[in-house]
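With the sequences and hints as input, model every part of the structure.
Read top to bottom, the protein sequences are chains L and W.
Numbering follows the working numbering, in which position 26 of the first sequence is assigned residue number 26; successive positions increment by one, without gaps.
Numbering follows the working numbering, in which position 266 of the second sequence is assigned residue number 266; successive positions increment by one, without gaps.
Worth flagging that the hints you see were computed from the coordinates, not collected in a lab.
Be aware that a few hints might be false.
Which bits of chain L does chain W cover? Going by a derived footprint, with three or more residues having C-beta under 8 Å, they are [unchecked claim]:
no., stretch
1, 107-121
2, 219-232
3, 258-272
Just some of the chain W residues that point at chain L, by a computed CB distance under 7 Å [to be verified]:
no., residue
4, Thr127
5, Asn131
6, Ile251
7, Leu292
8, Ala299
The C-beta atom is built at its ideal place from N, Cα and C for all residues, glycine as well.
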Amino acid sequence: MDLLLDAVIFGLLLGCFYAAVSVGLTVAFGLLDVPHIAHPAFLVLGAYCTWLLNGYGLDPIVAGIVLMPAFMALGMAVYRFYYETFERRGSDAGLRGLAFFFGVVFIIEVGLILLFGVDQRLVEAAYIGKSLDIGDTRLPLRMLVAFAMALILTAGLALYLSKTFTGRAIKAVAQDETALRLMGANPVRIKQWAFGIATAVTGLAGALLIIIGPVEPTIDRVYIGRTFCVVVLAGLGSMSGTLLAGIILGISESIVLTMLGASWAPAVSFGLLLVMLGIRPQGLFGR
Amino acid sequence: MTARGYRFWIGAAIVLSAACVAAAVVKNEYYFYAAYVVIQFVVLATAWNILGGYAGYVNFGSSAFFGVGAYIAVMLIKWLNLPLGLQIIAAAAVGGTLGFGVGLLTLRLRGIFFSIATVAITIILETAVINWRFVGGATGIQILRPPVMEPFESYTKMLFVCMVLLAIIAVAIARHIETSWIGRGLRAIRDNEEAAECTGVPTLKLKLAACAISGALMSAAGAPLAMYQSFVEPASAFNLTYSVSALAMPIIGGTSHWLGPVLGALLLGSVQQIVTVTVSSELNVLVVGVLLVVFVVAAPQGLVGLFTKVKDKVKGN
Numbered sequence: 001m002d003l004l005l006d007a008v009i010f011g012l013l014l015g016c017f018y019a020a021v022s023v024g025l026t027v028a029f030g031l032l033d034v035p036h037i038a039h040p041a042f043l044v045l046g047a048y049c050t051w052l053l054n055g056y057g058l059d060p061i062v063a064g065i066v067l068m069p070a071f072m073a074l075g076m077a078v079y080r081f082y083y084e085t086f087e088r089r090g091s092d093a094g095l096r097g098l099a100f101f102f103g104v105v106f107i108i109e110v111g112l113i114l115l116f117g118v119d120q121r122l123v124e125a126a127y128i129g130k131s132l133d134i135g136d137t138r139l140p141l142r143m144l145v146a147f148a149m150a151l152i153l154t155a156g157l158a159l160y161l162s163k164t165f166t167g168r169a170i171k172a173v174a175q176d177e178t179a180l181r182l183m184g185a186n187p188v189r190i191k192q193w194a195f196g197i198a199t200a201v202t203g204l205a206g207a208l209l210i211i212i213g214p215v216e217p218t219i220d221r222v223y224i225g226r227t228f229c230v231v232v233l234a235g236l237g238s239m240s241g242t243l244l245a246g247i248i249l250g251i252s253e254s255i256v257l258t259m260l261g262a263s264w265a266p267a268v269s270f271g272l273l274l275v276m277l278g279i280r281p282q283g284l285f286g287r
Numbered sequence: 001m002t003a004r005g006y007r008f009w010i011g012a013a014i015v016l017s018a019a020c021v022a023a024a025v026v027k028n029e030y031y032f033y034a035a036y037v038v039i040q041f042v043v044l045a046t047a048w049n050i051l052g053g054y055a056g057y058v059n060f061g062s063s064a065f066f067g068v069g070a071y072i073a074v075m076l077i078k079w080l081n082l083p084l085g086l087q088i089i090a091a092a093a094v095g096g097t098l099g100f101g102v103g104l105l106t107l108r109l110r111g112i113f114f115s116i117a118t119v120a121i122t123i124i125l126e127t128a129v130i131n132w133r134f135v136g137g138a139t140g141i142q143i144l145r146p147p148v149m150e151p152f153e154s155y156t157k158m159l160f161v162c163m164v165l166l167a168i169i170a171v172a173i174a175r176h177i178e179t180s181w182i183g184r185g186l187r188a189i190r191d192n193e194e195a196a197e198c199t200g201v202p203t204l205k206l207k208l209a210a211c212a213i214s215g216a217l218m219s220a221a222g223a224p225l226a227m228y229q230s231f232v233e234p235a236s237a238f239n240l241t242y243s244v245s246a247l248a249m250p251i252i253g254g255t256s257h258w259l260g261p262v263l264g265a266l267l268l269g270s271v272q273q274i275v276t277v278t279v280s281s282e283l284n285v286l287v288v289g290v291l292l293v294v295f296v297v298a299a300p301q302g303l304v305g306l307f308t309k310v311k312d313k314v315k316g317n
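Rendered as structure tokens:
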């Protein structure tokens, strides 16, 4: 019973982290309808940039925040390119856009392997390696830090989308692009901005990824399952749903981890995703 | 049969006899070892194109079918010690069934949802195999090759000829689909599924058929892997690089014509072999990724599209 309780507490922390790595995709895929299968690869890219900056003695979280402007620019450039080459040309855009992002996944993966090798990379900080003992439950401090950052990140993005003018514009473009155009706004510029925000958040989430554990270049493949599972479970584009879906995934994964062992863990997110797609593609909290 | 049909079968007969003659004459084993991989990609690319190119459903899970084929062969060797031919047929049957299941998913899922679902199937199957002791689990399994059959002098050569035969069968099936009413129906689905359904195209039947045929061919291509490597492990048999190659090759070659995947596979497969030997196996995945992105952006009709463009220009002037 204690084991189960531990699993649930650990799953809760893990789940908030899963929500944080998925919010970028919630915006990019859930709101903007971009088939962004390269999202997890961007996440790993963020983790490696954090690792590089950490080599100069920067705290990983500070490094993640420093990365945000660069990732924002990267995201805006990627969306501009995607728009000019696929969305604007219309026909067949779906198939080719998908193939494009699938190619980008492997370019980033192999690029990282060629630059840094296949070894696992770690970051160093005061809170990594220590743990907090509450009663019999032992909580690694790195999980708590990632958990707190994840909550701040998700809540911050949710507030931005619902309270600010540009944030509401992003939601409007997701709801009805034509109407926005009729109001005299330029949907492409808003979408470009939104994709930039999504990528910047992904950069910071990459820092969290390397805080909770070692990272290697092909780790993005497992996160394809986790991030898409969370976003689909949440019902494309819902922020509070993303947090809840992350926690559901985190707890189920951690229970399977305790009961069946680590080798079954990757199947949890993909299994949940497949069941969800088969039964209720619009998600638990879908529109 | 039309004149074109005769020409196709004569060409196929020439290719098959050339492969047999090469197996009898050429002494260097390595050429067959490398050519096997290239031909295997012809089968995978052609199979991918039946669903992805004609019907427009992007399958990211080619490696699932490929890995299932390889592991069906492993099971049959361990259980019953069946010969290669039966392994391939059984793998095709199981792959076809799995494809049928994937086809049922298309009832509800399109676009990226379908693609993500195929990735999910790949990872779930890989995880299942990793946790299955009987077929070796995560560490993989060693396979002993039986003695080679007459008239072949080595096992690699026999597998090579076998794969060429598979490729010819795959291309013939793809070509038949493309030129018949089935291909027209699939293209209608790609362009507008609702409109196709409304005008009386049996969309579900066609999608199920395309998924099953495509899956059967991919699994058949995976079955000889056990014998080819004499060692199979889940991380390489289910590796997503098979998926990206199987998708990149038809897109680079051109998805609208059966020749496209064949061209793409021969070209990209050969480049991959050369890069693997001369530089590194990581770099060959990079080559696939970069070429895929370049073609998708700059030449969406692929090599076949470029050729027809050039031909039209020459005719026009």
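Hints, one by one, checked against the model:
1. Chain W is given as covering the stretch 107-121 of chain L, and this holds because 6 residues of the stretch bring a CB closer than 8 Å to a CB of that chain, at least three being needed.
2. Counting residues of the stretch 219-232 of chain L whose C-beta lies closer than 8 Å to any C-beta of chain W gives 6; at least three are required, and the coverage claim holds.
3. Only residues whose C-beta sits within less than 8 Å of a C-beta in chain W count toward coverage, and the stretch 258-272 of chain L has 6 of them, enough to reach three; the restraint holds.
4. Given hint, W:Thr127 at the interface with chain L, holds; its Cβ is 4 Å from that chain's nearest Cβ, closer than 7 Å.
5. Here the hint on W:Asn131 is kept, as its CB sits about 5 Å from the closest CB of chain L, short of 7 Å.
6. Evaluation of the W:Ile251 hint against chain L yields a held restraint, the C-beta minimum of about 6 Å falling below 7 Å.
7. Nearest Cβ of chain L to the Cβ of W:Leu292: about 4 Å, under the 7 Å cut. The hint holds.
8. Taking 7 Å as the C-beta cut-off, the interface hint given for W:Ala299 is violated, the closest approach to chain L being about 11 Å.
Against the hints set out earlier in the document, a violation occurs for number 8 only.
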